[in-house]
Each structure stands twice: as C-alpha cells, then as structure tokens.
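**Q** Read off the chains here:
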Amino acid sequence: MPRSSTATRRVAAALAIGLSLSLIISGCSSIKSNPPQADNNAQDNRPVQNGGTLRVALAGEPDALDPTLGRTLVGRTVFTSICEKLYDIDTKLNIVPQLASALPSFSSDGKTVTIKLRTGIKFADGTAMDAAAVKASLDRHMTLAGSARKSELSSVASVAVTDPSTVTLTLKSAFTPLTAQLADRAGMIMSPTALTAEGDKFGTNPVCVGPFKFSLRVAQDRIEVVKDPNYYNASKVHLDKVIYKIIADSTTRMNNLQSGDVDVYDTVSTNDIDALKGNSKLALLVSDSLGYQGITINVGNVNGVGKPAGTLAAPYAGAMATDARVRQAFEESIDRATLNKVVFKGLYQPACGPISPSSPFSSDAAQACPKYDPNAAKALLQSAGVAMPYKVSMVIGNTPDASRLGQAIQSMVKDGGFDLQLVPTEFAASLDLTDAGKYQMFQIGWSGRVDPDGNTANFLTSAGSQNNAGYSNSTMDKLLNDARAAGDVNTRKDLYGQAITQLHKDAPLIYLYRGQNFTGVAKNIVGVQVFPDGLIRVGTAGIAVA
Amino acid sequence: MGRYLARRLLESVITFILVTIVVFLGIRALPGDPARALAGEESDPATLAQIRTKFGLDQPIWLQYIKYVNNALHGDLGRSSRTGLDVSTSIRHALPVTLQLAVFAIAIAALIGVLAGVVAAVRRRTAAEWAANGVALLGLSVPSFWFGLMGILLFAVAYPLLPASGFVSVFDDPVQSFRHLLMPAIVLGSGLAAIIMRQTRSAMIEAMGTDYVRTARAKGLGGGQVVFGHALRNSLIVVTTIAGLQLGGLISGAVITEQIFVLPGFGKLTIDAVFTRDYPMIQGVTLVTATAYIGINLLVDLLYSVIDPRVRVGGAAL
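As they're listed, the protein sequences go chains A and B.
Under our numbering, think of the first position of the first sequence as 1, with each following residue one higher.
Under our numbering, think of the first position of the second sequence as 1001, with each following residue one higher.
These are calculated hints, taken from the structure and not from any lab test.
One or more hints might be untrue.
Claimed, not checked - Sample of chain B residues with no beta-carbon within 12 Å of chain A, all distances over it, derived:
hint	residue
1	Leu1009
2	Leu1038
3	Asn1071
4	Leu1085
5	Ile1091
6	Val1300
Claimed, not checked - Listed next, the in silico EDC-like pairs over lysine to aspartate or glutamate satisfying Cα-Cα at most 16 Å (straight line):
hint	chain 1	residue 1	chain 2	residue 2
7	A	Lys201	B	Asp1044
8	B	Lys1054	A	Asp477
9	A	Lys505	A	Asp482
Note that beta-carbon positions come from the ideal geometry of N, C-alpha and C, so glycine has one too.
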C-alpha cells in the first residue's frame, strides 16, 4: 500500500532529530515549514472491486447533518461523502474548484466576487444544481435561525444569480478568506426542492451533491449513506454503501478495527500507534494537522467573551494578566520538545504559533519560537518584581491525556519559578468558566482552518468572537484586519508574520503542540484519503480485489 | 377498591410531576451551557444568543417547564438539540436494544447462577463447590468494563469468533442477534449470576435438609429427581424474586456494557445526551424511565391489593 513509506518516515525522523539538535545548539529557533503531509492510499494501484460496504468508526456523534447548522468535525467527515462544496482543498492545501468550474474572480476593490459553476450536475434527488440552488443555499446559510455559517459569511451583503451557471456575491468589505470559507460547509450547496420540503428538518434527510446520498441515521449508533447514481462522477465510486459507526472510545475503535468489525479508525490514539504499525493487516495514515493546542491566558476578560477588555479582579487578577514579562517567563519555562516526547511519545509537533508550517501562509516569522530557558524565565519574573514561586492556576480537561499534559507543564514551569495549580474540569463546564472570564489560564486547542484568518482573527483581535483572553492590542487588530483584506499571498504572509512577532511579545496565548491526524485503515481497503483538514475522504475508496 | 385505586393513581401523578420538576431543574443545575456545547468550538455571542432563542433557553425556566410538559402530554418530546433527530424516535430505537440485552443477560445469569448454585449445594466441601464459589466471587468483583474489554480482545480480536460491537435485533436475524449479544449479555449478567448462584446455593442447602426431600429420598426417587424435581423447584421462588429485584440494577449496568460494545441502547443514549447537554433528549429519557418505574410500582401495588385484601383495607382506613 503506497502510503507514508519507511523512507519518508526516516526522512521525517531525521528532520525531527535535526530540528531538536538545532534547538539545543542555538537555544532559539523556528519551526521549519515543510510541505504539507497528506497521507492517503488513493494512489494504491491494486484493482478495486465494485460494490461492498465500508465501515468507518467515527470518534464522536455528528450533530445535525445540515450544512447550515452543522458544527462538528465528525459531521464534516460525513459531509465529504454526501455534500460537495463550491471549492475544496487538495493534498497541498491549495483551494481547488469542486462544484464551481474555476476559482472565484474578485473585482479590483475586492467587493464583488464572481463564481462560475459546473453545468449538468444533479442533486441526489435528480434536480439540477445551478445558480438558483447556490443562491438558495447561501441565503439560507446567512439567514436561518441558529445558522453556524452566518458569521463565516458575515462579509457577504447579497447573492445574485447572474445566469444559470454564474453567481455574483457583493461583499460589505474586501474579505480574501471568503474562498476558504466556501471550501468548507459555507460552500455546501443543498437541493432547493429538499429545502422546501424539509425546512429546518433538512438535517434529518439531507440532499446535496456527492458520491453518496443519505440513507439512514440511528441516534448514537450509525449513519448510512449509499451510492448516488445521479453523481456526476458516479463511475469512479466503487462502494455501494458507507456506514459511519459512532464509537467514542478510542480503545473500542481500535478493538473493532483489529477484529474486522470496522475498516477505518478515525482519530487513532497515540497509545495505539505501535499496535497499528505492528499489525500486518492494518495500515496507519498520517497527515499534518492545521490545528493546535495551547494555553489561553486571561489578560482582560472581565465580563465575558465579546465584552470590552478590562482589568481583572480577584481571584483572577495578578501579574500574569497585567505584565507581559510574567507571561513570557511562563512560555520560556515550557520545553515543548520534551513535552511532546513525554506526553505524546514524540508523535506530535511542537507549535509556537497559530499557523501550521504546512500552510502556504507560513513563514520564518510565523514559526519563530521563544526559547526554552528556565533561568531566563526566573530573571523575567525577578524583573517583573513578583515573588517566586509565582502561584497561578490553569483550567484543564479531565481526560487522561489532559492530566498527563497538565502534570508535565506543572513540573516544567516549577523550574521557571511558577507554582502551577491545575483545575481539572469537565469540558462543557470549563467553557462556562472561561467564556465568563472566571479563570487565569485555560488549556484548550483549535481544530484549525485552511485560511490563517480562521486561526487568528477570532482569537486575537479585540472584537474577536473567541477572544477568551480578553486581549486587546490595536497593532494586532490592524495587522490581522489588513491581512483579511489583502489579496496577495505574500502580503498576507508578511502581515501574519508581523502579527505573530507581536503575539510573542504580548503572549496572551501560548501555543504548545500541533497534533497529527492518525487514521487506521484495514489493508484490504484502497483509496481512503486524509488531508491536513483532518477529514476522512472515502468517495473513491473501495475494497481491493483479493 | 375504587378509592384505593384513585388514591394510588393520585400519588403516581404527584410523583410523576415531582420527578419531572427535579429532572428539569437538575439538568439545568449542571455546569455547562447547552448552547455552548451545541455551538462547539465555533461559538460567538451572537450565535449563542440565536441558539438559546431557537431552543427556548432564553425563556424563564417555569415557562420552559410548562411548554415541555404540555408538549410531552401531547406526545411530543421534542427534537434533540444536538442531532435534530426526534427524541421519541430515538427512544423507540434505543429501548428494544436495552430490553433485549437485559432479557438475554437475565437468561444467562439464571442459567449459570442456578446451575452453579445447585452444584455448590449438592457437592458441598468438594472442588466443585470451591470452583462455583470462586466463579461467583469473580463475577461480583471484576469490573464489567475490564471483563468486557478482555472478552473483546479474546473472542473478537485474538480469536474472531464473535463481533466486537454492534446490534442486530432478534426479530431481524436471531442467529446474528445471538452472536452480537452473547458477550455483552455475559458481561452484564456476570454480577447477577453470582448473586443468583449464592441465593440458589443457600436455598438449596436449606431445602436439601427439609422433611419433604428426606421423604422423597425414602420413597426411592433418584438424586436428579430429588434435586431438580423437588428441592430446586422450591428454591427457585426465592431466586426468581431476587432476579426480579435486580432488573433495575441490570438496566443501570447496561450503561457501561452498551458503551463497551457500542450498543445503541437506552443507557448509551442517556450518557451521550448528558455529555452533550442535550436537554430535550435527557428530559425524554428520564421521563420515559420515570413513567416506567411509576407505572410498574403502581401495577405491583394494585396486584398486591388483589392478592391481599388487607392492603386495600389498610389503605382505606388511612
């Protein structure tokens, strides 16, 4: 099975060793940009039989299968089978047309976007996918009560049908990341006939364009999709059916893959990697991740997220919130390479910023990494005039992985002069606390977006909808807003680099590591693809001829 | 009788109302905003406000409660805030899974427990009794999640004889249903088997020393006839009572078993709903559970009154 070959892994290992050595030698470095790694077995040349069922063990229960309302990553995986988008990404994170016939063209002021559509495409219900359907879908995304797409399309003022295969979007202001938004759920086009019939219950019987069409859903158990004969590329679809089984526990997913009860294991636990590699009947797919895990520090979230930043009161106030030197000291007390090695067996990548090295918008500045130096950290605390050990608390998940991570950080920062108190909290409860600003530090991550705007602006601008830190810096606001409006990749890359330099100075967020997308697949399956967006694509997968 | 019936019905209605209030307030007392849980990582204040409006979470609690009860009385338990699926339909799919699992588990527990109990009672102070006691001790001591995982590793991974997960209804395919439910039922029934074994053993020891058994032996009946035809038959009364009392515990235990074997049953539905703060689903499952318990209790009380007239007379005198 041609996937990540041994040679490739050796090169990756050598790169990792080299990176570690350079960190040690220089005491400060950046994380190098590598070509994005998107592992798949799509290039497998073995003949594939037509027919059969693929069983995919998902790590969680998708929410509503409605592109307008959907919010979960596992839901996006199911959508790859049943709901295509105007645009998609390729293995190198380039945006490519899917239901559109070409990339969108922007007017010189960036406020008018013209989208040309492919013709002759039909929805699963046999009706035509045309400009009217695109308008109906985008309008619904922007107006339906509870729409999760509303904020993603907030830059769009109106959608107009120019002709049956052309749609024109008028924007309120130039917004370059729009193309990336249309390469995700905001770009999914739904059958107007089904929308009329189902209304806000569309998610119980979704009808879009895709290699498969929705067939059945049993709550907490499974979602079944079957081959769609109306699909424009139906001749390349081999499987008759895909069953997405919901198996939240990773050990159970692994057992099911080993026993042959499922064919694909979504989100492999790092504890199962060795067993997967050692099993001749199974293969491990590895791809980079766009997301990150980090620590959000409450620097001004006084009255809750979305409210103006202010000065914290007891018990959350302190030098950690008011003095950037204390936050820098905390960051310099963390040895990311060791953290990755100790907690995650070295399987993840240390991260120092919100932009993945795989991103076309990555740069040396974006990957700059504050050095690990506990003595320098103590010196910073001394200069800030705080007594050591400096006591600070961190809200963290209550899972075994989170506990191990928290304990490792707790032990490390002790050398840097900190007395870290861990506050293990159930996830939903932790969101309550941190949204309300009732915390000092919070360990949380982000699944990542293709466009760096989705990984930065919401978290780091003063008015950002997910600015839980209560961080407000006009320089940062300007840099990120300019990057949003700029059309040129190099200009944006430069602006994001500057923003991250500023980020390291202010340190309202400390980035720790970037995961990898690990997917387990039975060796008799061909054509499963996992891109850095973490979605499992099975549209052209099949069962190898024995 | 009519007055007794009316009083018990009234008590049941009051209990039911109290249960719904406790559940309704209890889940809202849990830390964790359902709108936030629903919004996932892409939350912003405007979206959260929209979600709250859509699901009526921004209304006063008393109004939410009245609407909920009103809808429930009209047979509408609402739609899951997470999946958008109909709560009644989800419960209708999940209940038969748990019931089939529980019935199978009781059958297995009774089979193993009674046989082991008889052996332990008849073969006292022999290796057979020690073995039976040892098995009972294991059944009570070993945590079901560990037992389940070991079972999967042994019988699904190392020796792929049984499926590691999933459910097939006995009405669709009895053979596949048996294969899918065998391991979960053994895991779920192991604790109950141990209890039944111990009860059977003590009841059998007592029965074997009674006059009617001695008489049966004196009449020349064979060992098997005496044990199974006389002693066991009388001992089973106690055993059956114990098994019945354990049914509630068995359904609670199904929560863990359903998670391990990925059975889409009632327990899994409940747990997943709690973790995702899916209020309509939590309310739906607790309502159905409360109704079942109240209904069964009412039925039992009424049966008592039929069997023993003193019950209803006592009730009337109060």
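**Q** Looking at Asn1071/B again, its CB stays over 12 Å from all of chain A?
**A** holds, 16 Å
**Q** Would the least Cβ to Cβ distance between Leu1009/B and chain A come out above 12 Å?
**A** holds, 33 Å
**Q** When you look at the beta carbon of Leu1085/B, is every beta carbon of chain A farther off than 12 Å?
**A** violated, 5 Å
**Q** Is it true that the CA of Lys505/A sits at most 16 Å from the CA of Asp482/A?
**A** Between Lys505/A and Asp482/A the Cα gap is close to 20 Å, so the pair fails against 16 Å, i.e. violated.
**Q** Confirm or reject the statement that Val1300/B sits farther than 12 Å, beta carbon to beta carbon, from all of chain A.
**A** holds, 31 Å
**Q** Is it the case that Ile1091/B keeps its Cβ farther than 12 Å from each residue Cβ in chain A?
**A** Ile1091/B is in fact no farther than 12 Å from some Cβ atom of chain A, at 9 Å.
**Q** For Leu1038/B, is the shortest CB-to-CB distance to chain A above 12 Å, so the non-interface label stands?
**A** violated, 7 Å
**Q** Under the criterion that the straight-line Cα-Cα distance not exceed 16 Å, is the pair Lys201/A, Asp1044/B satisfied?
**A** Not OK: Lys201/A and Asp1044/B at ~24 Å, beyond 16 Å, violated.
**Q** For Lys1054/B and Asp477/A, compute the direct alpha-carbon distance and say whether it is at most 16 Å.
**A** violated, 32 Å
Checked against the numbered hints above, the structure violates hints 2, 4, 5, 7, 8, 9; every other hint is satisfied.
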